[in-house]
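Here the protein sequences line up with chains A and B, keeping their order. Numbering follows my numbering, with no gaps: position 45 of the first sequence is 45. Numbering follows my numbering, with no gaps: position 37 of the second sequence is 37.
Keep in mind that a hint or two might mislead.
A pair holds if it fits inside one copy or across any two, identical chains being indistinguishable in the list.
No more than 25 angstroms apart at the CA atoms, straight line, and that leaves these computed lysine to any residue pairs for SDA-like [as the list claims (entries may be wrong)]:
| # | residue 1 | residue 2 |
| --- | --- | --- |
| 1 | Lys184 | Ala69 |
| 2 | Lys122 | Arg175 |
| 3 | Lys184 | Thr173 |
| 4 | Lys184 | Gly74 |
| 5 | Lys106 | Gly22 |
| 6 | Lys106 | Ala43 |
| 7 | Lys184 | Ala59 |
| 8 | Lys184 | Asn171 |
| 9 | Lys106 | Asp54 |
| 10 | Lys184 | Glu35 |
| 11 | Lys122 | Asn176 |
| 12 | Lys106 | Arg62 |
| 13 | Lys106 | Ser180 |
The hints are simulated quantities; they were obtained by calculation from the structure and are not laboratory data.
2 protein chains.
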Amino acid sequence: MIRVLLVQDTYLLRAALAAFLGREPDLEVLSASWEHAAATSWARWPDVCVVDMDSPDAAGPRGLRELSARCCAGDGTSVLLALATAERPGPLRRAYEEGALGYLSKNASPDQLVEGIRRVAKGERYIDESLGYGFLEAAEIPLTRRELSVLSLAAEGSSIGEIARSLHLSNGTVRNYLASITRKTGARNRVDAIRISRGAGWV
Amino acid sequence: MIRVLLVQDTYLLRAALAAFLGREPDLEVLSASWEHAAATSWARWPDVCVVDMDSPDAAGPRGLRELSARCCAGDGTSVLLALATAERPGPLRRAYEEGALGYLSKNASPDQLVEGIRRVAKGERYIDESLGYGFLEAAEIPLTRRELSVLSLAAEGSSIGEIARSLHLSNGTVRNYLASITRKTGARNRVDAIRISRGAGWV
Chain A
1 MIRVLLVQDT YLLRAALAAF LGREPDLEVL SASWEHAAAT SWARWPDVCV
51 VDMDSPDAAG PRGLRELSAR CCAGDGTSVL LALATAERPG PLRRAYEEGA
101 LGYLSKNASP DQLVEGIRRV AKGERYIDES LGYGFLEAAE IPLTRRELSV
151 LSLAAEGSSI GEIARSLHLS NGTVRNYLAS ITRKTGARNR VDAIRISRGA
201 GWV
Chain B
1 MIRVLLVQDT YLLRAALAAF LGREPDLEVL SASWEHAAAT SWARWPDVCV
51 VDMDSPDAAG PRGLRELSAR CCAGDGTSVL LALATAERPG PLRRAYEEGA
101 LGYLSKNASP DQLVEGIRRV AKGERYIDES LGYGFLEAAE IPLTRRELSV
151 LSLAAEGSSI GEIARSLHLS NGTVRNYLAS ITRKTGARNR VDAIRISRGA
201 GWV
């Protein structure tokens, strides 16, 4: 029996997907939102955590990093199977950085998900080939870690002065970072750079 | 027998939800992405169109307006059941403007969706009570139609000059609109106004 934890924020969708998976005789399925998945004291960690990487919470403090720290090396010994889309390389890269063993496109069929779960439960890597191009892009994120910090704050609506204070930089340095971000993303201006980076799931 | 068309952009999720609905003896379920739902020549329009309003495509040219024009008054006589979230009043309002008969929170259970489908198929209004607060907010959108046009272009990364040319306004008028938008949304600046409005689903 493979115990599966399905982490997705929309109850309607995760309940339907959990019901689908639960029809398989070898799968036992729990489901939770990101917030609850990472915060809950599971009596026993599931064997496989299937995580929808597109939720904004997946990148947050109760997101994949905490879930992974608890389930994969800490409280339990789960493996991660990431649900992602080829068009948004950011979430794909975050899953890779946390050592996910499986990667499935959200445009795959539920039957492929069943197959992927069985494979990673056996300790095998599983990569849906339709994600290939996304992986190439994910390897090529053009922004540095510091540029991503600046961009994240800008995307939250912080002014240049606020970003500077928050990261202990001068206003001029923040302006230089923003100019470099705009250039590297091929954007027309700062708002456009935020739009492009959000679309790719970088911030 | 109730024929249902489920419109949602993520194949994995809509296939699982369609499989769940398809287990009901009185439901026959088709599913499609927004793009295909509006473009397909359905042999016979379904009785109920269940539409996930959170997709960016729902507000686009192949979105709810076209689907509604074709299925509800044109080619067919379907009724609309909108899936939405109380936190994002914009999509809720768009569904209301297109005359949706049913409204269900995406945090409802799949069984509630079955109930909602049966109710609207009989021509009854169905409103999930957890959406109540969202409806209050949807009725109170603080921005005018013109301000929304300006904001949409700004959110796509257009500069003030580009917005002005595109809407046949002066740069000063565009600046005034952006100042008014920033004030009305309680934002700190233009980027923050875009963030807040996107969060609410207004643009």
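So, going through the hints one by one against the coordinates:
1. For the homomeric pair Lys184 and Ala69, neither the shortest alpha-carbon distance inside one copy (32 angstroms) nor that between copies (42 angstroms) is at most 25 angstroms.
2. Proximity of Lys122 to Arg175 under the C-alpha cut-off of 25 angstroms is found in neither arrangement, the shortest distances being 49 angstroms within a copy and 59 angstroms between copies.
3. Taking CA atoms no more than 25 angstroms apart as the test, Lys184 paired with Thr173 passes inside one copy only; the shortest distance there is 16 angstroms, against 31 angstroms between copies.
4. Taking identical chains as interchangeable, the C-alpha atoms of Lys184 and Gly74 are never at most 25 angstroms apart, the minima being 38 angstroms within one chain and 47 angstroms between chains.
5. Taking the shortest Cα distances, Lys106 and Gly22 sit within 25 angstroms of each other both inside one copy (19 angstroms) and across copies (21 angstroms).
6. Taking identical chains as interchangeable, the C-alpha atoms of Lys106 and Ala43 are never at most 25 angstroms apart, the minima being 29 angstroms within one chain and 28 angstroms between chains.
7. When the C-alpha separation of Lys184 and Ala59 is checked against a cutoff of 25 angstroms, the pair qualifies only within one copy, where the shortest distance is 22 angstroms, while the shortest distance between copies is 30 angstroms.
8. Taking identical chains as interchangeable, the C-alpha atoms of Lys184 and Asn171 lie at most 25 angstroms apart only when both belong to the same chain, with a minimum of 20 angstroms there against 28 angstroms between chains.
9. In this assembly of identical chains, Lys106 and Asp54 lie within 25 angstroms of each other by CA distance both inside one copy and across copies; the values are 10 angstroms within and 16 angstroms between.
10. Taking the shortest Cα distances, Lys184 and Glu35 never come within 25 angstroms of each other, neither inside one copy (33 angstroms) nor across copies (31 angstroms).
11. For a Cα distance limit of 25 angstroms, the shortest separation of Lys122 from Asn176 qualifies neither inside one copy, at 48 angstroms, nor across copies, at 61 angstroms.
12. Proximity of Lys106 and Arg62 under a CA criterion of 25 angstroms is satisfied in both settings, with 22 angstroms inside one chain copy and 21 angstroms between copies.
13. Within a single copy, Lys106 and Ser180 get their C-alpha atoms no closer than 33 angstroms, and across copies no closer than 40 angstroms, so neither meets the 25 angstroms cut-off.
The structure is inconsistent with the numbered hints 1, 2, 4, 6, 10, 11 and 13, although it conforms to all the rest.
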